[in-house]
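Protein chains: 2
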Amino acid sequence: MQCGGRWATRRLHTWRHRALLMPLSSVCVVRTRSYKTLTTADIDHFRSIFGDESSNGIVSEKEDLERYNTDWTRHWKGKSGLVLRPATVQQTAAILQYCHQEKLAVVPQAGNTGLVGGSVAVRDEIVVTTERLNQIHSLDATTGLLKCQAGCVLQELQEYCSSKGHLVPIDLGAKGSCFIGGNVSTAAGGQYFYRYGSMSANVLGLEVVTGTGQVLNLNYSPQPHLKDNTGYKLHQLFIGAEGTLGIVTGVALKCPRLPLSRQASLLACASYSNVLQVLDAAKIALGETLAALEFMDETVIRLVDEQYPVPVKTEDGSFYPYYVLVETHGACAEHDGAKMEAFLEGCMTDGYVTNGVLAQDLSQLQSFWKIRESANPAVAATGYTYKYDISLAISDFEDWNREMQELLSGLNVLQTNWGHVMDGNLHFNVTTPGIFEKDSAVLERLEPALFDAVIRRGGSISAEHGLGQSKNGYLTKIHDDKKIETMRSIKALFDPNHILNPYKFLPANRTATIS
Amino acid sequence: MQCGGRWATRRLHTWRHRALLMPLSSVCVVRTRSYKTLTTADIDHFRSIFGDESSNGIVSEKEDLERYNTDWTRHWKGKSGLVLRPATVQQTAAILQYCHQEKLAVVPQAGNTGLVGGSVAVRDEIVVTTERLNQIHSLDATTGLLKCQAGCVLQELQEYCSSKGHLVPIDLGAKGSCFIGGNVSTAAGGQYFYRYGSMSANVLGLEVVTGTGQVLNLNYSPQPHLKDNTGYKLHQLFIGAEGTLGIVTGVALKCPRLPLSRQASLLACASYSNVLQVLDAAKIALGETLAALEFMDETVIRLVDEQYPVPVKTEDGSFYPYYVLVETHGACAEHDGAKMEAFLEGCMTDGYVTNGVLAQDLSQLQSFWKIRESANPAVAATGYTYKYDISLAISDFEDWNREMQELLSGLNVLQTNWGHVMDGNLHFNVTTPGIFEKDSAVLERLEPALFDAVIRRGGSISAEHGLGQSKNGYLTKIHDDKKIETMRSIKALFDPNHILNPYKFLPANRTATIS
Chain U
9 MQCGGRWATR RLHTWRHRAL LMPLSSVCVV RTRSYKTLTT ADIDHFRSIF
59 GDESSNGIVS EKEDLERYNT DWTRHWKGKS GLVLRPATVQ QTAAILQYCH
109 QEKLAVVPQA GNTGLVGGSV AVRDEIVVTT ERLNQIHSLD ATTGLLKCQA
159 GCVLQELQEY CSSKGHLVPI DLGAKGSCFI GGNVSTAAGG QYFYRYGSMS
209 ANVLGLEVVT GTGQVLNLNY SPQPHLKDNT GYKLHQLFIG AEGTLGIVTG
259 VALKCPRLPL SRQASLLACA SYSNVLQVLD AAKIALGETL AALEFMDETV
309 IRLVDEQYPV PVKTEDGSFY PYYVLVETHG ACAEHDGAKM EAFLEGCMTD
359 GYVTNGVLAQ DLSQLQSFWK IRESANPAVA ATGYTYKYDI SLAISDFEDW
409 NREMQELLSG LNVLQTNWGH VMDGNLHFNV TTPGIFEKDS AVLERLEPAL
459 FDAVIRRGGS ISAEHGLGQS KNGYLTKIHD DKKIETMRSI KALFDPNHIL
509 NPYKFLPANR TATIS
Chain H
9 MQCGGRWATR RLHTWRHRAL LMPLSSVCVV RTRSYKTLTT ADIDHFRSIF
59 GDESSNGIVS EKEDLERYNT DWTRHWKGKS GLVLRPATVQ QTAAILQYCH
109 QEKLAVVPQA GNTGLVGGSV AVRDEIVVTT ERLNQIHSLD ATTGLLKCQA
159 GCVLQELQEY CSSKGHLVPI DLGAKGSCFI GGNVSTAAGG QYFYRYGSMS
209 ANVLGLEVVT GTGQVLNLNY SPQPHLKDNT GYKLHQLFIG AEGTLGIVTG
259 VALKCPRLPL SRQASLLACA SYSNVLQVLD AAKIALGETL AALEFMDETV
309 IRLVDEQYPV PVKTEDGSFY PYYVLVETHG ACAEHDGAKM EAFLEGCMTD
359 GYVTNGVLAQ DLSQLQSFWK IRESANPAVA ATGYTYKYDI SLAISDFEDW
409 NREMQELLSG LNVLQTNWGH VMDGNLHFNV TTPGIFEKDS AVLERLEPAL
459 FDAVIRRGGS ISAEHGLGQS KNGYLTKIHD DKKIETMRSI KALFDPNHIL
509 NPYKFLPANR TATIS
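Chains as they are written, first to last, in the working numbering: chain U, 9 to 523; chain H, 9 to 523.
Because the hints were derived from the structure by calculation, they are not lab data.
You may find that some hints are simply not true.
[As the list claims (entries may be wrong)] Straight line, CA to CA, 16 Å or less: simulated EDC-like cross-link-like pairs of lysine to aspartate or glutamate:
no. : chain 1 : residue 1 : chain 2 : residue 2
1   : H       : Lys87     : H       : Glu61
2   : U       : Lys172    : H       : Asp288
3   : H       : Lys291    : U       : Asp148
4   : H       : Lys85     : H       : Asp132
[Claimed, not checked] Stretch by stretch, here's where chain U covers chain H in the computed footprint (C-beta under 8 Å, at least three residues):
no. : region
5   : 323-329
6   : 352-366
7   : 392-405
[Said to hold, decoys possible] Covered stretches of chain H, as calculated for chain U (at least 3 residues, CB under 8 Å):
no. : region
8   : 131-139
9   : 221-232
10  : 290-302
Ideal Cβ positions, reconstructed from N, Cα and C, are used throughout, including at glycine.
Next up, chain U with everything else stripped away, as it sits in the complex (with noise of 0.2 Å):
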């Protein structure tokens, strides 16, 4: 296979510091010779998987392919010919049966909404979605027990569950267009990760395509239950696996009960010290009704302004240096009002909180989370972005951020930090304002001194947004090589053709090179 074009520049690029362990994002990744490529006699062995309904379940359009091919960022694009599109579980478990037996490689897409390059094809594989895979088959309404198949929206399971007095315990921006099996398969976090749990918390079963094609019911049939310890907790293997062990195509997820009352407010501080004690503060005098707590520095919530006017300013229009919104999910409106009229009082005396504004309802509520939910699509609108989602100690967030502006000092970009602080969670952005394809020169000045900053610190190089093909040539600075050849292990025992989403997730090895 040959790397041509732009790739041949950055291909000697890569030689040369190859030491460095770069990561696969940023080299030229050669098709491996064990994959076979696509025949037309492969597209017939599909077509007769779909037999009558071929046409919806078969894309090859150069023009239908593109939406398949790029992600949101558009910063990562595949070159899948073709794309799959299975309404059954039987239709999955036929073409990876198909595709183990060919040696065909597969990308697995749910609603292709991830940040690191995981839904798309490197090379030439072959898009596997499960957006027909679509149908919520029961909420129940004591145990608040949901299965549904793995593409239904995420905002459609909200607003069904929602209808029935639960609640869907993960919440994330990409819910209009994310699907409830990629949200499992990158065990995906989101603003109400602190009160209502992790994916491995809530998900209590899945039914799972491996890589060989079989099917795995795994407490998944005929209903799971909260409490069972009969076995290997297998599913949680395939929370965050990111699709290279199987396609998970049915999900049963724990959803509580709907809280009857939601405060919200949205906070101005002056230092980043006074954001801790605000943090400190939510937890003691909020407790159990805590629900989110967001913050958002000055650069990202001025980007966010130009499209969606903060109501938090200075008496001049100006911005404060940070932004906190908090959020309570309570069953009683008086009690949680009053827990939320105390918090800001004691912050509002004690100094931590400089100006802020109380969600008088709903709607205003919804309006403080469309600031918070606007600041992706608002750098994305500034400039190319570089993307990090990391995990520190959250006293190391100030610190970390000035040493990432002395490693950019120079350069014309924006940094940006918003994220989950409770979580020790930290989306931290660098755009270049105006300019919309990537820069090498910022990107070179980024890694790895951005994921070696972050590993000094004991931190964690993905939070919530996963390896995808943008981190995983870093595993091995992160994981020792007993932990990576376990995880290699696990990867054979699913998928011993390594025909699942090739090129990522794990380091570089025998299935993918690097040139």
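With the hints as your guide, set chain H onto chain U.
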């Protein structure tokens, strides 16, 4: 290997019923020929591992072995002639490396408080206890992240965390002697499961020694993160694996803040329907403060009352059909008290509750829990008890109990029901009053009919106690071949010589032969 004496009778019986898939608990397990019989050279090798402190590390005197060979229930008795007590991870690894190499069978043991025979030898396996791995490393005041060795006693961890303003998110009757590593290995549930979540939700990282003696650092060092998406969630595999994949040596646990207010009430209900109505009312009225809701039936309350007086009785001193213990955890005593009062008032007005008491202080609250936690010892003191721990739809509990009454009709037994009704988790016990030896007539009536009744209702045959040697024979009834084969493959990956906890957890295979 010969099965002599008492076993011989059962052996004949077992062959007759083999088609019924009798559990290993009721059959004679033959020591598989592939395991080596312990030699003096082996003991010399273990001495070399412990060096100067061999006398602390090795137990081989008959009277000293007794407590390691007998579990809490006294139903399960091992025949181990050697107990090893590593004080470090390195010693644990050296022991398992040697046992792997020599094919010496091992039973990992924590607090030995399990109820399914998981922590004692079946034949002459070497016991490796974590009782000397009992160091608490740290508790991060901001994140509530607790790091400790696996042999820490749960209650000691609770006291340590409590002194620093945090709560260990698990609590159960055996807290005074169970170890946190055992809680992890059995995916223990307990009374606060509904509020604080499962072990899968709360364990952020583990250090384990696999069946080959390899030490795996699974998000344990240098520090785990609340959010960390950098690879397969391997630590989840060891949660609930009952020591069949490795020995857990270090645990990183997410501990929430200690609630500032605790409220509790002990209520009497006239019917099981009333119990369900109380549960529904509690979820609505107590909302996010609801921490626990336990139920006990009249028969078990009567037994408890003999040892520990129950404060809620009828005017003539007799008992009500059902008792419910409700506890709330919150941040504001005034609000929580108001919620509890409104809940109780509603329950009384609606006739769900016939009588009850509200704890006035922590000591009264603890006295309510003393009643609940006396259920196990009270039935054990009454006679030999056949203990079952199942998940069912809560609407099925009463009907299921009725079926069990019919099943056991004509036998002189006491049926007692209690448990975590909110989680659909019923502890069902059958006791032969005054008879402290197992009665095969009772057992044969119960099994496998009882398990069949659970399976027929789509329930789980083990909600939280695990499989051990008492339920592994039923796995083929509840999991399909593909799932069991996948579990076997996972087992083979971490313990290729099958030295860890043989004859348990998985259905009998080539490493354990049913005679």
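Take a quick look at whether Lys85 of chain H and Asp132 of chain H sit within 16 Å of each other, Cα to Cα. 11 Å, holds
Annotated coverage of the region 221-232 of chain H by chain U, confirmed only when three residues or more have a Cβ within 8 Å: holds (count 7)
If you count the residues of the region 352-366 of chain H with a beta-carbon closer than 8 Å to a beta-carbon of chain U, do you get 3 or more? It is violated: at least three residues are needed, and the region 352-366 of chain H offers just 0 whose Cβ sits closer than 8 Å to chain U.
Keeping to a limit of 16 Å between CA atoms, is the pair of Lys291 of chain H and Asp148 of chain U held or broken? 15 Å, holds
Residues of the region 392-405 of chain H with Cβ under 8 Å from chain U, three needed, outcome: Our answer is that it holds, as 4 residues pass the Cβ test (under 8 Å) against chain U, meeting three.
Coverage assertion for the region 131-139 of chain H with respect to chain U, Cβ distance below 8 Å, three residues required: Since three or more residues must qualify, the claim that chain U covers the region 131-139 of chain H is violated, with 0 doing so at under 8 Å.
Distance restraint between Lys87 of chain H and Glu61 of chain H, which requires alpha-carbon spacing of 16 Å or less: Violated, at roughly 25 Å.
Holds or violated: Lys172 of chain U to Asp288 of chain H, with C-alpha atoms at most 16 Å apart: 15 Å, holds
Using a Cβ cutoff of 8 Å, are there at least 3 residues of the region 323-329 of chain H near chain U, or does the coverage claim fail? violated (count 0)
Three or more residues of the region 290-302 of chain H near chain U by CB distance under 8 Å? holds (count 7)
When held up to the earlier numbered hints, the structure conflicts with 1, 5, 6 and 8 and fits the remainder.
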